[in-house]
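Number of protein chains: 4
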Amino acid sequence: MSRPIDPGPLPSGDLSAPVSAFVHRIRVGWADCDPAKIAYTGRIPCFALEAIDAWWEHAIGYDWFRLNLDRNYGTPFVHMEVDFRSPVTPRAPLECTVVLTRLGEKSLSFCVTGRQDEVLCFEGRFVSAFVAADRFEPIPVPADIRSRLQQLVGEA
Amino acid sequence: MSRPIDPGPLPSGDLSAPVSAFVHRIRVGWADCDPAKIAYTGRIPCFALEAIDAWWEHAIGYDWFRLNLDRNYGTPFVHMEVDFRSPVTPRAPLECTVVLTRLGEKSLSFCVTGRQDEVLCFEGRFVSAFVAADRFEPIPVPADIRSRLQQLVGEA
Amino acid sequence: MSRPIDPGPLPSGDLSAPVSAFVHRIRVGWADCDPAKIAYTGRIPCFALEAIDAWWEHAIGYDWFRLNLDRNYGTPFVHMEVDFRSPVTPRAPLECTVVLTRLGEKSLSFCVTGRQDEVLCFEGRFVSAFVAADRFEPIPVPADIRSRLQQLVGEA
Amino acid sequence: MSRPIDPGPLPSGDLSAPVSAFVHRIRVGWADCDPAKIAYTGRIPCFALEAIDAWWEHAIGYDWFRLNLDRNYGTPFVHMEVDFRSPVTPRAPLECTVVLTRLGEKSLSFCVTGRQDEVLCFEGRFVSAFVAADRFEPIPVPADIRSRLQQLVGEA
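As given, the protein sequences belong to chains A, B, C and D, one line each in that order. Just remember that my numbering sits 8 ahead of the position in the first sequence, which is counted from 1. Just remember that my numbering sits 8 ahead of the position in the second sequence, which is counted from 1. Just remember that my numbering sits 8 ahead of the position in the third sequence, which is counted from 1. Just remember that my numbering sits 8 ahead of the position in the fourth sequence, which is counted from 1.
It should be emphasised that the hints constitute simulated quantities derived from the structure, not laboratory data.
Since the list gives no way to pick one copy over another, a pair counts as held whenever it fits inside one copy or between any two copies.
Mimicking EDC-like on lysine to aspartate or glutamate, the simulated pairs with C-alpha atoms at most 16 Å apart in a straight line are:
| hint | residue 1 | residue 2 |
| --- | --- | --- |
| 1 | Lys114 | Glu145 |
| 2 | Lys45 | Glu145 |
| 3 | Lys45 | Asp142 |
| 4 | Lys45 | Asp78 |
| 5 | Lys114 | Asp152 |
Starting from the given sequences, assemble the full structure and let the hints guide the process.
Pasting the structure below:
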């Protein structure tokens, strides 16, 4: 049902421009909250994952959906960890900063921090593999994507 | 990543046995609840849908996942409506009764009621089409499935 | 854990300005999609509810969270119905238009339509009661809120 | 809206009986899966959290909902980490084993492992604080609960 699109090359862009941290803003709502009147614990990893999904679109022009369907690449997670520093509530937008901290041969590491009104709410580390989506088998990060990502490693 | 299985014929069973209503029991938890201390409105349709998913497994031996992946059939919804009668909470299991109310040429209608401690919490009506999953195009309900389902229509 | 705020009067605003339809834009992502490569059926009512939550903030300056915690008002749903017209995917933003179609003594009715790239994906009708949040008992819509909402009825 | 119940003392039980690992079984369905045809990454922590919620009910007779509403105790998480070993799918039930690995003065540590057909799918470590729910302030684990939990530490 998704409309496939000939992917062609990665979208162009001025890659010589200085990189800056990518911030993904999330509206936190009633639906995200539990009876403790704060966002449910299980929602926090989902917020961070959504931010990484948006980061991919920012970084290479493909979110996970298009990366999988149009390019046949997947990035399944092998590890995540999250420290919860302060509750998340609907009283302010949640600003999620995503940094690619390591670009391995076949894996990528991210740091995601979430802030509301400049208060650190959580920080998490996420490691994903890189696979051929149809075979779900690890492959090296493809050259065109690697070259894009190398410029973003450690950006902050 | 799912392990495909040669579907073969529908699982056998004593289809001459009298049918009885199918009840799917759901554990409601903290994660389902919002700051009003009841299950969030948006969770109720999800509970009902989960019950219909389980009904398919009960009725023909395939849940939606296997129906799609192993048989290439999909049942996308075209309509849903839900009346909310009483709040759902984690204080009791949620008993969802699913009845196939109509078996059309290319569509199916369900009634789902949810009860806790015998109190009616919600009742919903759901209509789904029947499609070839890979093409997402409407097709008649296949003969083997139709023959199974005909015995279940209006069961209560 | 939410920081209570003295609500005071409703936020002021130029209420003589012509009203226009409220559109809430949602980013649809990988997390929203099922193996059929479209947003899961159960996500659609959640999208519509999120849009209504955002509408409240637009209409009176309080989203559901603040309406409940700061004003002690709740708006539990008594009915919802949704027609699914076209699949929702991550390939475009989901634009949800919310219209207050009826302002009753103790209830409110909404129409929510979701569009992607100007294609109608779903349309739904939602009816909610108005309650004192701590007692969960129906009350008339308070005068200050009613006066605001009356100007929005039927807006499109 | 939840029906408060005088909590009274903890439910009695034969605490001299040898403890055995607590396993919480979860039905994985279509709704949990993403276009990669496996349970979405963000669902895995939620599965583990649901298992811990069920563990509390098993361990002391109160799930999180009742612990909060009837006893005014909360157990907010301060840390979680998960290693993803093998994809989770709807083809088998997900068996989540929960072990209380450490009972601190004001915190608790859990190990949760998830298996399908005896294959290890994920393992996670979770640390939660213990708070007075209405003030969201850390408190020592109350004596009656501590005495129950001490018998469960390290159970496997």
